[in-house]
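Using the sequences plus the hints, can you model the full thing?
Start counting the sequence shown at 2; every next residue gets the next number (the working numbering).
If you're looking for bench data, these hints aren't it; they were derived computationally from the structure. Be aware that one or more of the hints could be misleading.
[Unchecked claim] In the DSSO-like style, the derived pairs of lysine-lysine whose C-alpha atoms are separated by at most 27 Å in a straight line are:
{"no.": "1", "residue 1": "Lys166", "residue 2": "Lys156"}
{"no.": "2", "residue 1": "Lys55", "residue 2": "Lys26"}
{"no.": "3", "residue 1": "Lys94", "residue 2": "Lys64"}
{"no.": "4", "residue 1": "Lys179", "residue 2": "Lys148"}
[Claimed, not checked] Quick list of the computed label-pair ranges, beta carbon to beta carbon:
{"no.": "5", "residue 1": "Lys97", "residue 2": "Lys66", "range": "24 to 32 Å"}
{"no.": "6", "residue 1": "Asn145", "residue 2": "Lys28", "range": "52 to 60 Å"}
{"no.": "7", "residue 1": "Arg193", "residue 2": "Lys31", "range": "20 to 28 Å"}
{"no.": "8", "residue 1": "Lys66", "residue 2": "Tyr183", "range": "20 to 28 Å"}
{"no.": "9", "residue 1": "Gln95", "residue 2": "Tyr75", "range": "12 to 20 Å"}
{"no.": "10", "residue 1": "His141", "residue 2": "Gly45", "range": "14 to 22 Å"}
{"no.": "11", "residue 1": "Val196", "residue 2": "Arg168", "range": "28 to 36 Å"}
{"no.": "12", "residue 1": "Arg142", "residue 2": "Gln95", "range": "35 to 43 Å"}
{"no.": "13", "residue 1": "Arg62", "residue 2": "Lys38", "range": "51 to 59 Å"}
{"no.": "14", "residue 1": "Ser182", "residue 2": "Gly45", "range": "28 to 36 Å"}
{"no.": "15", "residue 1": "Lys66", "residue 2": "Trp96", "range": "25 to 33 Å"}
{"no.": "16", "residue 1": "Ser182", "residue 2": "Glu99", "range": "42 to 50 Å"}
{"no.": "17", "residue 1": "Ser160", "residue 2": "Ile82", "range": "37 to 45 Å"}
We put the CB at the ideal spot given by N, CA and C, even for glycine.
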Amino acid sequence: MTKRYYKCEETHHTFNGVKQKRCTKCKKWKDESEFGKDRARKDGLKIYCKGCNKAYALKRRRKIKKAVREYFRYEDRHRVIRGVKEKLCSSCKQWKYESQFYRNRRLKDGLELQCKECDSKRYERNRKAGRRNLRYEDRHRVVNGIKQKFCRKCKRWKSESEFYKGRSKRDGLMDRCKKCSYKAANRSRKARRAVQ
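Laid out in structure tokens, this is it:
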């Protein structure tokens, strides 16, 4: 689905002395009073009318409600049997020894929610899908004395000189190569020009 950008003239007009705006969702012309406020927009109004906005919010709320995770209290996730401490894995729902969980100081019990086995399965799934949380070692290599990095956008190995510097990154380089970064920036520039 491609996003359509509207010019101000396409979505605004005056009818019998009343200023009207076109809702980009239902495509109907409505009075400006039927639109919510949005300071970020040029005209100060939201792009959807109040009715469409309400329907969208309701649909989104239902979707989020379905995806609510199951939360257990600390006591429900831990037990001691014959002096051996066990914990319930949040992924496979099996009781396992505490030694089968990675450490995580941020959590109350100091252990991850998933067991080591489920955590490694999740990591492999993400790695195969090319998701963001690839390990540092999986994104860097040295070939014939040339340091290379894996571009997350074009999924190719490129020399480190083909990446912009990024202070927030561990290796000091951005995740996308210069070519992919330029394409993304150029696309957003064109979209901004089309709106104006």
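*Which numbered hints turn out to be false for this structure?*
8, 10, 13 and 17
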